[in-house]
Amino acid sequence: MEAVSRTAQWTAAARALESERADRLFHDPYARTVAAGTGFDLLDRYAGAGTVPFLAIRTTYLDRAMLAALREREIRQVVMIAAGMDTRCFRLPLPDGTTVYELDRPALLEAKESLLDGTPVPAGRSRHPVPVDLTGEWTGSLKEAGWRSEEATLWVVEGLLFFLPEPAVRALLATLAQHSAPRSVLAGDVISRTALHNPLSRPFLRALEEDGNPWLFGTEEPEDLLTECGWQVREVRQPGDPGADFGRWPYDVQPRSVPRVPRSFLFTCDMPSDEETVR
Numbered sequence: 001m002e003a004v005s006r007t008a009q010w011t012a013a014a015r016a017l018e019s020e021r022a023d024r025l026f027h028d029p030y031a032r033t034v035a036a037g038t039g040f041d042l043l044d045r046y047a048g049a050g051t052v053p054f055l056a057i058r059t060t061y062l063d064r065a066m067l068a069a070l071r072e073r074e075i076r077q078v079v080m081i082a083a084g085m086d087t088r089c090f091r092l093p094l095p096d097g098t099t100v101y102e103l104d105r106p107a108l109l110e111a112k113e114s115l116l117d118g119t120p121v122p123a124g125r126s127r128h129p130v131p132v133d134l135t136g137e138w139t140g141s142l143k144e145a146g147w148r149s150e151e152a153t154l155w156v157v158e159g160l161l162f163f164l165p166e167p168a169v170r171a172l173l174a175t176l177a178q179h180s181a182p183r184s185v186l187a188g189d190v191i192s193r194t195a196l197h198n199p200l201s202r203p204f205l206r207a208l209e210e211d212g213n214p215w216l217f218g219t220e221e222p223e224d225l226l227t228e229c230g231w232q233v234r235e236v237r238q239p240g241d242p243g244a245d246f247g248r249w250p251y252d253v254q255p256r257s258v259p260r261v262p263r264s265f266l267f268t269c270d271m272p273s274d275e276e277t278v279r
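Per this note's numbering, the sequence shown starts with residue 1, numbered consecutively.
Don't read these hints as lab results, they were simulated from the structure.
Don't take every hint at face value.
[Unchecked claim] List of simulated lysine to any residue pairs, SDA-like, C-alpha gap at most 25 Å:
1. LYS143 <-> PRO129
2. LYS143 <-> ALA123
3. LYS143 <-> PRO120
4. LYS143 <-> THR98
5. LYS143 <-> HIS128
6. LYS143 <-> ARG71
Given the structure is predicted, the values throughout are model-derived calculations rather than measurements.
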């Protein structure tokens with residue numbers, strides 16, 4: 001796999017550790033399989049900076065945001081942008097009739113299929129891996145896989161935006177908005193610009209760069225970014241905030257008004273209906 005794709009196995013290894021806790025926040029029975037040895041090697045290499053508790057919180061936040069969107073908006077198509085080694089199609093209690101499209105680089109998807117080795121998708125749902133280059137045109141491939149732009153979509157952008165330069169981040173978020181029917185939902189995460197230069201994270205950030213996976217983008221105002229790209233922001237939370245803590249965050253949460261603090265943000269956005277847009 002390309003270097004940037006190996007971090008997907010790192011994330012899977014962190015999910016495996018959480019799944020094996022007695023007080024686990026979620027259960028991912030496939031995480032250890034798709035993490036393989038690479039994921040656990042990287043877990044040691046990227047240790048520190050609160051990465052393991054953050055990955056547990058991010059997974060839990062997005063699990064709950066996804067299930068709420070599918071239930072409340074009656075959405076039945078999910079698109080995982082840069083799906084990596086995500087296994088939510090297998091492990092979450094998705095409503096019957098849900099179709100999950102997993103977009104990522106061809107080499108990663110091939111490796112994932114090999115690791116899953118024919119694991120059956122639960123009854124009542126369908127899964128479509130879609131090999132694409134997200135830096136190019138990918139909506140055509142998604143449509144060929146069966147996705148319908150006229151229907152509401154749940155988009156999930158997890159663990160991706162900080163690996164992209166700002167023009168690519170804005171282009172991606174705007175493309176998602178342009179192809180979203182009313183009632184669509186976007187859920188994901190982003191970091192602050194200060195986090196790119198956090199002295200306490202320097203060994204972690206250096207290791208990412210050495211491995212070909214440098215963090216490139218952050219923003220102190222995710223609300224502005226998302227709004228400018230066409231989304232209606234429902235919520236932005238930091239790990240440790242109510243609704244984004246789950247008993248895992250070990251640090252104090254600094255108010256947003258305090259400058260120069262490294263931050264991670266979890267967000268949920270909506271595509272408003274035509275009536276809401278007019279108002």
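Right, here's what the structure says about each hint:
no.: 1; hint: LYS143 <-> PRO129; verdict: holds (12 Å)
no.: 2; hint: LYS143 <-> ALA123; verdict: holds (23 Å)
no.: 3; hint: LYS143 <-> PRO120; verdict: holds (24 Å)
no.: 4; hint: LYS143 <-> THR98; verdict: holds (16 Å)
no.: 5; hint: LYS143 <-> HIS128; verdict: holds (11 Å)
no.: 6; hint: LYS143 <-> ARG71; verdict: holds (24 Å)
In terms of the numbered hints stated before, the structure departs from none.
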